[in-house]
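Q: Please take these sequences and the hints and turn them into a complete structure.
4 protein chains.
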Amino acid sequence: MSAKIQNLQQLRDQLRAFVAERDWQQFHTPKNLASALSVEAAELLEPFQWLKTGEIEELSAETHTAIRYEMADVLNYLVMLADRLDVDLLAAANEKIQLNAQKYPAQTARGSALKYTELKK
Amino acid sequence: MSAKIQNLQQLRDQLRAFVAERDWQQFHTPKNLASALSVEAAELLEPFQWLKTGEIEELSAETHTAIRYEMADVLNYLVMLADRLDVDLLAAANEKIQLNAQKYPAQTARGSALKYTELKK
Amino acid sequence: MSAKIQNLQQLRDQLRAFVAERDWQQFHTPKNLASALSVEAAELLEPFQWLKTGEIEELSAETHTAIRYEMADVLNYLVMLADRLDVDLLAAANEKIQLNAQKYPAQTARGSALKYTELKK
Amino acid sequence: MSAKIQNLQQLRDQLRAFVAERDWQQFHTPKNLASALSVEAAELLEPFQWLKTGEIEELSAETHTAIRYEMADVLNYLVMLADRLDVDLLAAANEKIQLNAQKYPAQTARGSALKYTELKK
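Chains as they are written, first to last, in this note's numbering: chain A, 6 to 126; chain B, 6 to 126; chain C, 6 to 126; chain D, 6 to 126.
Just so you know, the hints here were simulated from the structure itself, not pulled from any lab data. Keep in mind that the hints are not guaranteed to be accurate.
In this list, chains with the same sequence are indistinguishable; a pair is considered to hold if it fits within one copy or across any two.
Stated by the list, open to error - For lysine-lysine, the following DSS-like pairs were computed, each having C-alpha atoms within a straight-line distance of at most 25 Å:
1. K9 to K101
2. K57 to K108
3. K120 to K101
4. K57 to K120
5. K108 to K9
A: Structure (structure tokens):
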């Protein structure tokens, strides 16, 4: 299991094997995976909560490593959920960027953190 | 911007361009990206919250599409955060699987949803 | 600090004293408090994530205690945020119930977990 | 249902009536309530995510109202979960403050946002 992972398909395959070896499919309903992903995302937020910005210089090596593994957890649950719901993550991400490009045209959204519903006003 | 994205590097490059065109780097501190990721993860959980399991058959086509885009949002913020913190997501995911394999050996964890701290007892 | 707390005002006062003694107001911006509240809410969700329903019978005494303290954390951050934003929590909760009563009339919403935007269809 | 709510017990009673009238107890397992609470906490975080601090002066009247109702949602789910798990929220909150007072003694924690595990070093 130690060969280098090159892409999301290989990561999915490795996660499938990991889960199958432990007979964990029974717990991995989409609802439970979505809960777990949400919990991991909050654990990723936790080390940032009292920091000013969390820029890399503000993080100790220990905290950076912890954050890196929380990001890994988020990705792993996301890939398992995508596998279960038959979602192509890269295609979805690409489509979402196109949709956001329409909601936030560069000339009106430049330099603004307003939501698109506010921008239109 | 409509060419097919083949891998996480290309997704990162596309996100960099999207953000730069809107001059949004100023808002994208790691702390803010981690908050946004956490909010998107909760939006992904939201359609599942009253469902039994959220298996694909339980989802309307409309809900499946909404979930797919929420997954895209999570991935996009995760890739932007990784870019900002200099994290190789696939390498981190792979390492985390190795660590979990040690914490949850197949023979003791099989069929159990206990946390590793409980398994050891 | 050990006298029994009788209501939300007394809880707020106790939290104010706790924070002032530690000079923590500087970290307690509304944004940071909202992040912390969100992190605690996820920690509250965590022990439920692989359970069927999390009914009280399904929880060990240890888990029940852990959940109870996570609920306390959520309430404490909520009260501190309300104090900072000048929100009367009970009045807001009451108003929200009235609003939900309009969005979800008993006769149409009975026995349904559909969102009000779906109910109207 | 429009009489003023004076305390958490009255809020609990009002929520019980609201849920019973809609026959929603079936959806309100502790697990589902914890998910819903977590989703609402993220919705509360959402308007703050790109702000500097979210101090009351930085919020439009509209945003303040939206935040106020998200806080109401968090409280309402918290009270329903406490009812289901037989938790006295004020007693738990009080105990948690005592525990935190031990983990974060005023003289060592003053002016520091370090976690207690870090403070001890």
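Q: Decide, hint by hint, whether the structure agrees.
A: Here is what the structure says about each hint:
{"no.": "1", "hint": "K9 to K101", "verdict": "between (29 Å within a copy, 13 Å between copies)"}
{"no.": "2", "hint": "K57 to K108", "verdict": "between (29 Å within a copy, 24 Å between copies)"}
{"no.": "3", "hint": "K120 to K101", "verdict": "both (16 Å within a copy, 24 Å between copies)"}
{"no.": "4", "hint": "K57 to K120", "verdict": "both (23 Å within a copy, 16 Å between copies)"}
{"no.": "5", "hint": "K108 to K9", "verdict": "between (38 Å within a copy, 20 Å between copies)"}
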